[in-house]
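Undergrad: Sequence order for the protein chains is A and B.
Position one of the first sequence corresponds to residue 1 (the working numbering), numbered consecutively onward.
Position one of the second sequence corresponds to residue 1 (the working numbering), numbered consecutively onward.
Simulated from the structure, these hints should not be mistaken for lab results.
Just so it is clear, CB atoms sit at the ideal spot from N, CA and C, and this is done for glycine as well.
Mixed in with the good hints there might be a few duds.
What the hints assert, rightly or not - Here are the simulated SDA-like pairs of lysine to any residue, each with C-alpha atoms no more than 25 Å apart in a straight line:
{"#": "1", "chain 1": "B", "residue 1": "Lys354", "chain 2": "B", "residue 2": "Asn226"}
{"#": "2", "chain 1": "B", "residue 1": "Lys276", "chain 2": "B", "residue 2": "Gly357"}
{"#": "3", "chain 1": "B", "residue 1": "Lys401", "chain 2": "A", "residue 2": "Ala122"}
{"#": "4", "chain 1": "B", "residue 1": "Lys230", "chain 2": "B", "residue 2": "Ser165"}
{"#": "5", "chain 1": "B", "residue 1": "Lys230", "chain 2": "A", "residue 2": "Gly144"}
{"#": "6", "chain 1": "B", "residue 1": "Lys230", "chain 2": "A", "residue 2": "Pro106"}
{"#": "7", "chain 1": "B", "residue 1": "Lys90", "chain 2": "B", "residue 2": "Pro39"}
{"#": "8", "chain 1": "B", "residue 1": "Lys90", "chain 2": "B", "residue 2": "Asp51"}
{"#": "9", "chain 1": "B", "residue 1": "Lys401", "chain 2": "A", "residue 2": "Pro126"}
{"#": "10", "chain 1": "B", "residue 1": "Lys230", "chain 2": "A", "residue 2": "Ala102"}
{"#": "11", "chain 1": "B", "residue 1": "Lys401", "chain 2": "A", "residue 2": "Arg61"}
{"#": "12", "chain 1": "B", "residue 1": "Lys276", "chain 2": "A", "residue 2": "Ala46"}
{"#": "13", "chain 1": "B", "residue 1": "Lys276", "chain 2": "A", "residue 2": "Asn94"}
{"#": "14", "chain 1": "B", "residue 1": "Lys230", "chain 2": "A", "residue 2": "Arg172"}
{"#": "15", "chain 1": "B", "residue 1": "Lys230", "chain 2": "B", "residue 2": "Val326"}
{"#": "16", "chain 1": "B", "residue 1": "Lys276", "chain 2": "A", "residue 2": "Gly104"}
{"#": "17", "chain 1": "B", "residue 1": "Lys401", "chain 2": "A", "residue 2": "Ala158"}
{"#": "18", "chain 1": "B", "residue 1": "Lys230", "chain 2": "A", "residue 2": "Gln90"}
{"#": "19", "chain 1": "B", "residue 1": "Lys401", "chain 2": "A", "residue 2": "Gly104"}
{"#": "20", "chain 1": "B", "residue 1": "Lys401", "chain 2": "A", "residue 2": "Gln90"}
{"#": "21", "chain 1": "B", "residue 1": "Lys90", "chain 2": "B", "residue 2": "Gly40"}
{"#": "22", "chain 1": "B", "residue 1": "Lys401", "chain 2": "A", "residue 2": "Pro93"}
{"#": "23", "chain 1": "B", "residue 1": "Lys90", "chain 2": "B", "residue 2": "Val47"}
Unchecked claim - Not the full set, but computed from the structure, chain B residues with beta-carbon under 7 Å of chain A:
{"#": "24", "residue": "Asn226"}
{"#": "25", "residue": "Ser277"}
{"#": "26", "residue": "Phe279"}
{"#": "27", "residue": "Asp328"}
{"#": "28", "residue": "Thr329"}
{"#": "29", "residue": "Val332"}
{"#": "30", "residue": "Val333"}
{"#": "31", "residue": "Ser337"}
{"#": "32", "residue": "Thr340"}
{"#": "33", "residue": "Lys341"}
{"#": "34", "residue": "Glu388"}
{"#": "35", "residue": "Ala391"}
{"#": "36", "residue": "Pro393"}
Claimed, not checked - Which chain B residues stay away from chain A? Per the calculated CB distances, all over 10 Å, these:
{"#": "37", "residue": "Val65"}
{"#": "38", "residue": "Ala83"}
{"#": "39", "residue": "Val85"}
{"#": "40", "residue": "Arg101"}
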Amino acid sequence: MSRRSLAVGLPLLALAGIVAGALTAAGARRSDGPLRSSSTNSVEFAVADDTVVSWGMVLPRNPTMGDIRIDSIEPATIDGLEVLGIRVNQVGPNGEGSVTNALGFPPFQVGTRPPDGSILRAAGEPPDLQVLLGVRRPRASSVGWIGGLRIRYEAGGAGYEVVLPWSLRILRPGGALLTGSRNLSSHLQAGGDPSRRQG
Amino acid sequence: MTTSVRRFPAAALVAFLAISVAPLTMNAADTSAPSTWLPGLRASEAVSGPDLIGGRLVDRVGRGVPGRLLVLAWPTSEVLSGAHVGGNVKTIPVAKATAGRDGHFTLRVDPRAPIGEFMERDGTVNFTLVGQFGTARDRGTSFAFPRRFERHSQAESRWVDPGWSPMSGPPGRLEVTLSTVRAFEAPRRGLSPQVPSPDDFGCPNFVRATYDQVVTVVGETYPGPNATVKFTYQKSSESTLGVGASATGSYGSFSASGTSSRTSTAMVDYPGKGVKSKFIYESTYQYKKFEVWVPWDFGCMPFDYEARPTAYQGAVLGYNACCAPVADTCSVVAFPSTLTKDSASAITFSNGVKLTGPIGIDLSAKTGFTTTTKAAYTFIRPGRLCGEGVAWPDAYRVVGK
Chain A
1 MSRRSLAVGL PLLALAGIVA GALTAAGARR SDGPLRSSST NSVEFAVADD
51 TVVSWGMVLP RNPTMGDIRI DSIEPATIDG LEVLGIRVNQ VGPNGEGSVT
101 NALGFPPFQV GTRPPDGSIL RAAGEPPDLQ VLLGVRRPRA SSVGWIGGLR
151 IRYEAGGAGY EVVLPWSLRI LRPGGALLTG SRNLSSHLQA GGDPSRRQG
Chain B
1 MTTSVRRFPA AALVAFLAIS VAPLTMNAAD TSAPSTWLPG LRASEAVSGP
51 DLIGGRLVDR VGRGVPGRLL VLAWPTSEVL SGAHVGGNVK TIPVAKATAG
101 RDGHFTLRVD PRAPIGEFME RDGTVNFTLV GQFGTARDRG TSFAFPRRFE
151 RHSQAESRWV DPGWSPMSGP PGRLEVTLST VRAFEAPRRG LSPQVPSPDD
201 FGCPNFVRAT YDQVVTVVGE TYPGPNATVK FTYQKSSEST LGVGASATGS
251 YGSFSASGTS SRTSTAMVDY PGKGVKSKFI YESTYQYKKF EVWVPWDFGC
301 MPFDYEARPT AYQGAVLGYN ACCAPVADTC SVVAFPSTLT KDSASAITFS
351 NGVKLTGPIG IDLSAKTGFT TTTKAAYTFI RPGRLCGEGV AWPDAYRVVG
401 K
């Protein structure tokens with residue numbers, strides 16, 4: 001094999017390997033991992049157009065005897081909202097730093113970091129970890145919502161993916177809070193797959 | 001025992017003779033395939049398929065005890081609620097197994113058992129596990145439990161908790177420790193010449209009493225000073241309610257012995273509750289007291305009495321609680337919002353079924369917050385929603401502050 005063909009072939013081979021590895025890794029995510037939510041929860045509120053707000057949810061505790069490493073967090077379905085950022089923060093033993101909703105993003109005096117590489121400690125050891133999404137409902141949309149949080153993570157050497165059945169609905173002031181009318185549970189009951197509606 | 005023997009002295013003599021010869025038969029059965037014990041039902045050791053229940057038969061100090069295990073399937077709610085006092089309903093044996101010296105056992109349903117006739121529409125079946133032990137297998141103990149049959153794929157099926165959903169994680173195997181401490185002696189009242197073969201028909205269970213409108217706790221809410229709350233209990237809400245067992249069936253002789261699953265059949269829309277309210281939500285179920293007969297080697301035998309739920313009756317009741325639970329893992333709610341929580345495995349109210357009047361004890365009640373049962377907390381001003389030991393998204397009990 002000539003030096004020239006090596007020079008061309010090796011990078012191509014490496015690139016193919018990287019692509020194949022990435023595809024394998026993406027395809028290898030299992031859905032039967034240990035991270036689960038025992039509840040389907042929804043949060044609904046009304047704020048003025050273009051107001052930046054934070055939506056926070058404390059993640060389920062790690063039930064395994066090994067650490068869980070978060071690879072990524074993203075909305076499973078989003079409609080009528082802009083996501084300005086996704087961060088995580090540590091929550092104290094009595095919920096210090098836990099914010100279900102707040103004006104601005106990140107919330108005032110809450111120290112945050114990117115979710116990638118965050119650790120959920122083994123056996124539910126503290127601190128708890130909260131995911132915070134910064135969102136804005138533009139003037140053009142009277143109602144915006146997020147249905148489900150997709151979390152990719154690693155536990156026990158394997159890669160997993162889960163969609164936590166948590167939803168956010170933000171209305172224009174004066175809009176009725178119609179609890180449950182369009183939450184994730186009813187969507188799942190109807191057999192829908194939120195990931196198909198990824199906007 | 002003495003009361004029954006006095007009442008049926010001839011039958012008791014027959015029973016005594018039956019027990020006296022039974023050990024010979026049993027010992028032979030222990031060393032080979034049981035031949036006299038429900039020969040029409042295949043032992044779980046020889047059956048493939050999903051595990052229904054496993055566990056261990058133990059004595060009063062926790063040592064394994066050898067014995068035999070039998071699972072009976074109860075008829076559907078429709079059949080049970082339609083049975084009148086003096087009438088009877090049939091249970092059928094669907095699984096049997098033998099526990100060795102260590103007491104361990106695993107039970108699987110014999111595929112030939114006609115269990116489909118005993119299934120509710122959602123696949124739930126209410127069972128009673130009977131353990132028989134002693135030198136002549138002349139003593140018994142029981143445990144009531146519900147399981148839902150779920151076909152996971154074309155080739156795979158499993159038994160799960162009736163309230164289980166894929167969102168609640170992998171379904172676990174039901175494991176019980178069946179103690180010989182709470183054991184009945186059997187047979188207590190002798191044989192009945194009219195009893196059909198248990199292999200063909202199952203055994204009769206006689207309705208001895210009906211208790212209507214038994215009040216049962218279905219939920220609780222504590223919205224705190226900044227929120228109101230709306231609790232809804234709707235069709236297809238699954239409740240796991242206590243079953244009481246007794247050797248004599250008399251008032252005060254019952255003890256808790258497992259659970260049974262009942263599905264509500266109507267929507268119960270509870271009135272909304274205001275700020276600072278602390279409310280326990282109740283509804284009503286029908287219970288019946290059954291004289292339970294089980295298949296023994298020599299036919300159906302009276303075994304014990306069970307008080308079990310037979311129908312949902314749907315009254316809208318409740319009362320103010322004295323105080324909210326301690327919930328100090330709080331999350332800030334910064335502006336008016338509605339936080340809705342459903343699909344949780346709700347807590348078990350240990351005395352949630354009010355049966356002290358009819359049978360002498362209250363039984364447990366566990367209502368799952370299914371997708372159609374929910375508590376919606378509407379914060380009218382900033383506040384906090386706190387969970388008991390864990391933040392509200394994953395907490396079983398929450399309190400507004």
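Undergrad: Now tell me if each hint is right for this structure.
TA: Comparing the hints with the structure gives:
1. Of the pairs offered as hints, the one joining Lys354 (chain B) and Asn226 (chain B) is violated, with about 32 Å between alpha carbons and a cut-off of 25 Å exceeded.
2. At roughly 32 Å between alpha-carbon atoms, Lys276 (chain B) and Gly357 (chain B) are farther apart than 25 Å, so this suggested pair is violated.
3. For the proposed pair Lys401 (chain B) and Ala122 (chain A), the alpha carbon gap of about 30 Å is over 25 Å, so the pair is violated.
4. The suggested pairing of Lys230 (chain B) with Ser165 (chain B) holds, with an alpha-carbon distance near 24 Å, which does not exceed 25 Å.
5. This hinted pair checks out: Lys230 (chain B) and Gly144 (chain A) have alpha carbons roughly 23 Å apart, not beyond 25 Å.
6. Our distance criterion of 25 Å between C-alpha atoms is broken by Lys230 (chain B) and Pro106 (chain A), whose separation comes to about 31 Å.
7. For the suggested pair Lys90 (chain B) and Pro39 (chain B), the alpha carbons sit about 19 Å apart, so the restraint of at most 25 Å is met.
8. This hinted pair checks out: Lys90 (chain B) and Asp51 (chain B) have alpha carbons roughly 24 Å apart, not beyond 25 Å.
9. About 23 Å separates the Cα atoms of Lys401 (chain B) and Pro126 (chain A), which keeps this hinted pair within 25 Å; it holds.
10. At most 25 Å may separate the alpha-carbon atoms for a hinted pair to count; Lys230 (chain B) and Ala102 (chain A) meet this at roughly 24 Å.
11. Between Lys401 (chain B) and Arg61 (chain A) the CA atoms are separated by roughly 23 Å; this keeps the pair inside 25 Å, and the hint holds.
12. About 23 Å separates the Cα atoms of Lys276 (chain B) and Ala46 (chain A), which keeps this hinted pair within 25 Å; it holds.
13. For the proposed pair Lys276 (chain B) and Asn94 (chain A), the alpha carbon gap of about 21 Å is at most 25 Å, so the pair holds.
14. A C-alpha spacing of about 23 Å is found between Lys230 (chain B) and Arg172 (chain A), which places the hinted pair at or below 25 Å, so the restraint holds.
15. Among the hinted pairs, Lys230 (chain B) with Val326 (chain B) is consistent with the structure: their alpha-carbon atoms are about 21 Å apart, no more than 25 Å.
16. With a CA separation close to 29 Å, the supplied pair Lys276 (chain B) and Gly104 (chain A) exceeds the 25 Å bound.
17. Between Lys401 (chain B) and Ala158 (chain A) the alpha-carbon distance is near 40 Å, which puts this suggested pair outside the 25 Å criterion.
18. For a cut-off of 25 Å, the pair hint linking Lys230 (chain B) to Gln90 (chain A) is broken: about 31 Å separates their Cα positions.
19. Between the alpha carbons of Lys401 (chain B) and Gly104 (chain A) the distance comes to roughly 23 Å, so the proposed pair stays at or under 25 Å and holds.
20. Taking the CA atoms of Lys401 (chain B) and Gln90 (chain A), the gap is near 22 Å; set against the 25 Å cutoff, the hint holds.
21. Annotation: proposed proximity of Lys90 (chain B) to Gly40 (chain B) holds, straight-line Cα distance about 17 Å (limit 25 Å).
22. Taking the CA atoms of Lys401 (chain B) and Pro93 (chain A), the gap is about 17 Å. The hint holds against a cut of 25 Å.
23. Simply put, Lys90 (chain B) and Val47 (chain B) have alpha-carbon atoms about 24 Å apart, close enough for the 25 Å limit, and the pair holds.
24. A hinted interface residue such as Asn226 (chain B) counts as satisfied when its beta carbon comes closer than 7 Å to some beta carbon of chain A; here the least separation is about 13 Å, so the hint is violated.
25. About 18 Å separates the beta-carbon of Ser277 (chain B) from the nearest beta-carbon of chain A, more than 7 Å, and the hint is not met.
26. Residue-level restraint check for Phe279 (chain B) is violated (minimum Cβ-Cβ distance to chain A is 18 Å; threshold 7 Å).
27. Satisfaction of the interface hint for Asp328 (chain B) is found here, the shortest Cβ-Cβ separation to chain A being roughly 5 Å, below the 7 Å cut-off.
28. With a least beta-carbon distance of about 5 Å to chain A, the hint placing Thr329 (chain B) at the interface is held under the 7 Å criterion.
29. The criterion of a C-beta within 7 Å of any C-beta in chain A is met by Val332 (chain B), whose closest approach is roughly 5 Å, and the hint holds.
30. The closest approach between the C-beta of Val333 (chain B) and any C-beta of chain A is roughly 5 Å, which is under the 7 Å cut-off, so the hint is satisfied.
31. The criterion of a C-beta within 7 Å of any C-beta in chain A is met by Ser337 (chain B), whose closest approach is roughly 4 Å, and the hint holds.
32. For the restraint placing Thr340 (chain B) at the interface with chain A, the shortest Cβ-Cβ distance is roughly 5 Å, inside the 7 Å limit, so the hint holds.
33. Contact between Lys341 (chain B) and chain A, as hinted, is supported at the beta carbon level, the nearest pair being about 5 Å apart and thus within 7 Å.
34. For Glu388 (chain B), the shortest C-beta to C-beta distance to chain A is roughly 12 Å, which exceeds 7 Å, and the interface hint is violated.
35. Look at Ala391 (chain B): its Cβ gets to within about 4 Å of chain A, closer than 7 Å, so that hint holds up.
36. The interface hint given for Pro393 (chain B) is met, as the beta carbon of that residue sits about 5 Å from the closest beta carbon of chain A, less than 7 Å.
37. Its beta-carbon lying about 32 Å from the closest one in chain A, Val65 (chain B) satisfies the requirement of being farther than 10 Å from that chain.
38. Distance to chain A confirms Ala83 (chain B) as a non-interface residue, since its nearest Cβ pair spans about 34 Å, more than 10 Å.
39. No beta-carbon of chain A comes within 10 Å of the beta-carbon of Val85 (chain B); the shortest separation is about 40 Å.
40. At roughly 32 Å, the least C-beta separation between Arg101 (chain B) and chain A is larger than 10 Å, which holds for a residue marked as non-interface.
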